[in-house]
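Top line first, the protein sequences correspond to chains A and B.
Just so we're aligned, residue 1 is where the first sequence starts under our numbering, counting upward by one.
Just so we're aligned, residue 1001 is where the second sequence starts under our numbering, counting upward by one.
It is possible that some hints are incorrect.
Unchecked claim - The calculated label-pair distances, taken between Cβ atoms and stated as ranges, are:
| no. | chain 1 | residue 1 | chain 2 | residue 2 | range |
| --- | --- | --- | --- | --- | --- |
| 1 | A | 99 | B | 1103 | 47 to 53 Å |
| 2 | B | 1098 | A | 42 | 22 to 28 Å |
| 3 | A | 22 | B | 1054 | 20 to 26 Å |
| 4 | B | 1146 | A | 125 | 25 to 31 Å |
Calculated directly from the structure, the hints in this document are not laboratory data.
Just so it is clear, CB atoms sit at the ideal spot from N, CA and C, and this is done for glycine as well.
There are 2 protein chains.
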Amino acid sequence: MCSDIVRLRKRGFARERDLVKKLWEVGFACVRGPASGAKTRRIFYPDVVAIRNGRVYVFEVKTRKRLETIYIDRRKLLNLIDFARRAGGKAFIAIKIVDGVSDWRFIPVERLEKTSSGMFRVTPEIYKHHGLRISDLIADATGQRRLLDF
Amino acid sequence: MCSDIVRLRKRGFARERDLVKKLWEVGFACVRGPASGAKTRRIFYPDVVAIRNGRVYVFEVKTRKRLETIYIDRRKLLNLIDFARRAGGKAFIAIKIVDGVSDWRFIPVERLEKTSSGMFRVTPEIYKHHGLRISDLIADATGQRRLLDF
Chain A
1 MCSDIVRLRK RGFARERDLV KKLWEVGFAC VRGPASGAKT RRIFYPDVVA IRNGRVYVFE
61 VKTRKRLETI YIDRRKLLNL IDFARRAGGK AFIAIKIVDG VSDWRFIPVE RLEKTSSGMF
121 RVTPEIYKHH GLRISDLIAD ATGQRRLLDF
Chain B
1001 MCSDIVRLRK RGFARERDLV KKLWEVGFAC VRGPASGAKT RRIFYPDVVA IRNGRVYVFE
1061 VKTRKRLETI YIDRRKLLNL IDFARRAGGK AFIAIKIVDG VSDWRFIPVE RLEKTSSGMF
1121 RVTPEIYKHH GLRISDLIAD ATGQRRLLDF
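Next comes chain A alone, as it looks inside the complex:
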């Protein structure tokens, strides 16, 4: 059980590193949050932060084997939004469907659906219609096209 958790966390870090690597290669400065227990403290660290030209993008990272509805913990989401607000940046759920074909998609938190029980989720429809690509983030960061226009 314990080794399962360690294995899953290691895989999670590998995915975050993959996102960092891709964003780094196209010119963003990136930081992965520290691994150990940061989220249990008063200070919240996002999974990944990417910055370019003073434009800040804050990510909660989710990976799935197939496209399905993904639920986002309310507390984590509020922390993510608070972090983005402090930074003067934008908050996203970064999703990687690990099917060997799909690349990263970024869902602006404003697009999340609120359930009747107060949870938040990304449905496959939201993923398909509102998921941004790395090229969209580049266009926003370089001022070619604002994310609001997407």
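Please build the complex by placing chain B on the supplied structure of chain A, with the hints as guidance.
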């Protein structure tokens, strides 16, 4: 020997957390870089990144028991400057003299002295004359006073 290194690293992380906590309390979004081996890879993570209103401050953290000349590794410094350039931010050496009295001081990398052997250093004089305080970073981030004016 090995346990000494672990102990020193743990103490280093505690100092970084102290800096993050202080900056967080005055409104910055902060991230500590991940602990494990990040700097040996192609992607560089600074010790601490603080952001507010889209203003980005990137730190290499140094702590000393007393005020003395501090040497900065050339490779680390260049990486720090590259990171700040990508982010559109400013790079600093964050120094804490652990004497129970001194608070954090931030030396803009432009103030570092280059030695004849190509190393970089912060002398006690640089620390005293060019070390900024947390209040200076706040003033810069909130647009009250630009760091260039200090």
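Item to check | Structure versus earlier hints, numbers of those that do not hold, lowest first | outcome: Hint 4 contradicted; others consistent.
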